[in-house]
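For the record, the sequence lines run as chains H and P.
No gaps in the numbering here: position 33 of the first sequence is 26 in the working numbering, and each next residue is one more.
No gaps in the numbering here: position 70 of the second sequence is 247 in the working numbering, and each next residue is one more.
Fair warning: there could be bad hints in the mix.
Here are the simulated lysine-lysine pairs, BS3-like style, with alpha carbons at most 30 Å apart [stated by the list, open to error]:
1) K186/H x K385/P
2) K258/P x K158/H
3) K149/H x K258/P
4) K218/P x K158/H
5) K210/P x K186/H
6) K301/P x K177/H
7) K177/H x K210/P
8) K158/H x K385/P
9) K143/H x K80/H
10) K177/H x K258/P
11) K158/H x K386/P
12) K434/P x K52/H
13) K200/P x K177/H
14) K177/H x K386/P
15) K52/H x K385/P
16) K52/H x K389/P
17) K210/P x K158/H
18) K301/P x K200/P
19) K325/P x K389/P
20) K389/P x K158/H
21) K417/P x K52/H
22) K177/H x K385/P
23) K218/P x K186/H
24) K434/P x K186/H
25) K52/H x K218/P
26) K389/P x K177/H
27) K325/P x K210/P
28) K301/P x K149/H
29) K177/H x K372/P
30) K417/P x K186/H
31) K177/H x K325/P
32) K386/P x K52/H
33) K149/H x K389/P
34) K186/H x K389/P
Just so you know, these hints were derived from the structure itself, not from any lab.
Note that the structure is predicted; figures quoted are calculated from it, not measured.
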Amino acid sequence: MSNRYEFIEASTDGKLGHISLNRPHVLNAINQQMVLEILAAMEEFEVDDTIRVIVLTGKGRAFAAGADIDEMANDGAIDFELRNQFKDWDRLAMIKKPIIGAVQGFALGGGFELALCCDLLFAADNAEFGFPEVNLGVMPGAGGTVRLTKLVGKTKAMEWLFTGKRITAMEALQYGMINRLVAKELLFEETIKFAEEIANQAPLSIRFIKESVLKAVDVSIDEGMQFERKNFSLLFSTEDQKEGMIAFQEKRKPNFKGM
Amino acid sequence: MYETIKYRTVNQVAWIAINRPDKLNAFTEQVNKEIQHAVRKASRDSDVRCLVITGEGRAFCSGEDLGGVTDEMDHGEVLRKRYNPMVLEIHQCEKPIVAAVNGVAAGAGMSLALACDFRLLSEKASFIEAFIHVGLVPDAGNLYYLPKLIGHAKALELAILGEKISAQTAKELGLATKVVPLDRWDEEVTAFSEKLAAMPTTAIALIKKNVKASWNVSVEASLENDAQAQRIAGQTIDHKEGVRAFIEKRKPVFIGK
Chain H
-6 MSNRYEFIEA STDGKLGHIS LNRPHVLNAI NQQMVLEILA AMEEFEVDDT IRVIVLTGKG
54 RAFAAGADID EMANDGAIDF ELRNQFKDWD RLAMIKKPII GAVQGFALGG GFELALCCDL
114 LFAADNAEFG FPEVNLGVMP GAGGTVRLTK LVGKTKAMEW LFTGKRITAM EALQYGMINR
174 LVAKELLFEE TIKFAEEIAN QAPLSIRFIK ESVLKAVDVS IDEGMQFERK NFSLLFSTED
234 QKEGMIAFQE KRKPNFKGM
Chain P
178 MYETIKYRTV NQVAWIAINR PDKLNAFTEQ VNKEIQHAVR KASRDSDVRC LVITGEGRAF
238 CSGEDLGGVT DEMDHGEVLR KRYNPMVLEI HQCEKPIVAA VNGVAAGAGM SLALACDFRL
298 LSEKASFIEA FIHVGLVPDA GNLYYLPKLI GHAKALELAI LGEKISAQTA KELGLATKVV
358 PLDRWDEEVT AFSEKLAAMP TTAIALIKKN VKASWNVSVE ASLENDAQAQ RIAGQTIDHK
418 EGVRAFIEKR KPVFIGK
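Bound conformation, chain H alone:
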C-alpha cells in the first residue's frame, strides 16, 4: 500500500496495519486533516481481512504534542458547533480491531486523547502525558475528561486536568494508563512483538473481547454480563472455536482463520 496521506504514513506488514503520525517538525501536532487521515486509514484496515491489529505510532521525538493551536486560535463557539469536528473522533472509537499505541516523548492534549483512543498502550521511559488545555483557558474536547476519568478515576483525573501537569511514564504505569514501560530504543520493536502475538490469536475472540470490555466500562454489571454471555455464545458458531478446542485436545498449536 503506497502512502497517499499528507500528515500520516500508513502501511501494512503481515497481519499488522501501521499508522504513523508524520508531522515530526511540529511534534506531530494534530490538525483536523490528520484526524480524518487516521480515521480513513483505520477504516481501511478495519475491512482488510489480512489485518488483525492496528499499531499507532508517532514519527520523531514525540507521539503527539497536542492539537494545532493555530488552527483554532481564532475560532468561536459556533464555529466548533457547526463544524462538529469531534465526530471524527467518535468514529475512531467504533473501530473493532484492536489498536495498540506506542508513545515516546510527549502525548499532550489532543495527543493524549488520541493515545487514550488506543486499546493498549506501550510507552517509552521518556514518555510524558498531560492535558495542558487548562493553561490556555480551555479544556480537552476530544474525550480527555471522559476517557481519563473512566481509566484512572475521578481523583487523579481531576488533579491532572486542573493542573495540566505532566504525567511521567512511570506514573502512567502505576495508574494503569499504559500496559508496558519499555526502553525508548526498544519501543517499536517491543510493541510490534506484542502486536504480532495478539494478531495470532483467534481474531473473532479478540473482536468480541474488545467489544465486551468496552461495553463493561460503560454499563451496569448485569447488563455487561448479559452482553458478555451473548458474545461468548456467538463464538461457538465459529470455526476457530472448533479448531481451538480440537488443537487443545490434540495438544498442538491451533491455526486460527478468523472464521
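We have chain H; now place chain P onto it with these hints.
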C-alpha cells in the same frame, strides 16, 4: 556564559567547577541554575562522554550561603525551585558523573557529591552533614542517596551527629571511590574521568539506569530491565568492537556508540 561556575570540555570530559572560591563555593540561586544548565548541556553534547563536578580553590562546596537566609524565607520553596531541579538534572543524566571533591563538602555541597556516580576525594577533603547544627534536615537528595550508599544505620549517624568525616573515613564508609594524595590530584582526576570517557558509553548509561531502577522494582521487572538493556547494548558498535578485540587479543577502542 557562566558567572559562578567554569565550564570546559577536554578529551570528551565536561568539567564543571563551582567558581566562588572566596565563599568556599557556597550555593546561590545562580550557582544552582548554572550547574543545572551545564549538566544539561553536557548531557546533550554528543562529544561529551563523562562529567566532572568540582570546586575552585580550597573547598568543594560549602552548601547554601547562610548569608542569604532570612526569617521570611520559605525553605521548602527554595528547594523546589533551586535545588531539586539541579539534583534531578544530575540524577537523570545518562553519562557518568564524577564528583572531584577537592576540599570540604558541607551541607548541600555534600548532597551534590552524593548525587554523582563516583566520588574522588582529595586527602584533605571532608564531608559534613552541617544541617543539624543549624536545626535543619539534610536536603537536596542527601537522605535519598546517603542510606543507599552507606546503609540506614550509618546514614542516621552522619545525618544526626553531624560530625566531620575525613577523606579516609569516607573511604572506609564507602562514600569515596578513591582518596587521592594532594600532589597527584589533578593528574588522577583527569586520568579517572578520561578513562570513563573512553569506555562503552551506552553500556554505562544502561548500567546507571538499571541500578537506579533496582531500588524500586521487583526481581521480575529487574530481569526484564536486564533483557532490554542487553538488547540495546548488544546492538552497539562498542559491543562488536569489544568482542572483536577479545578474539584478536588486543585492547578495544570504544567510541561510545
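| Enumerated hints in conflict with the structure, sorted upward | The structure conflicts with hints 5, 6, 13, 23 and 28, although it agrees with all the remaining ones.
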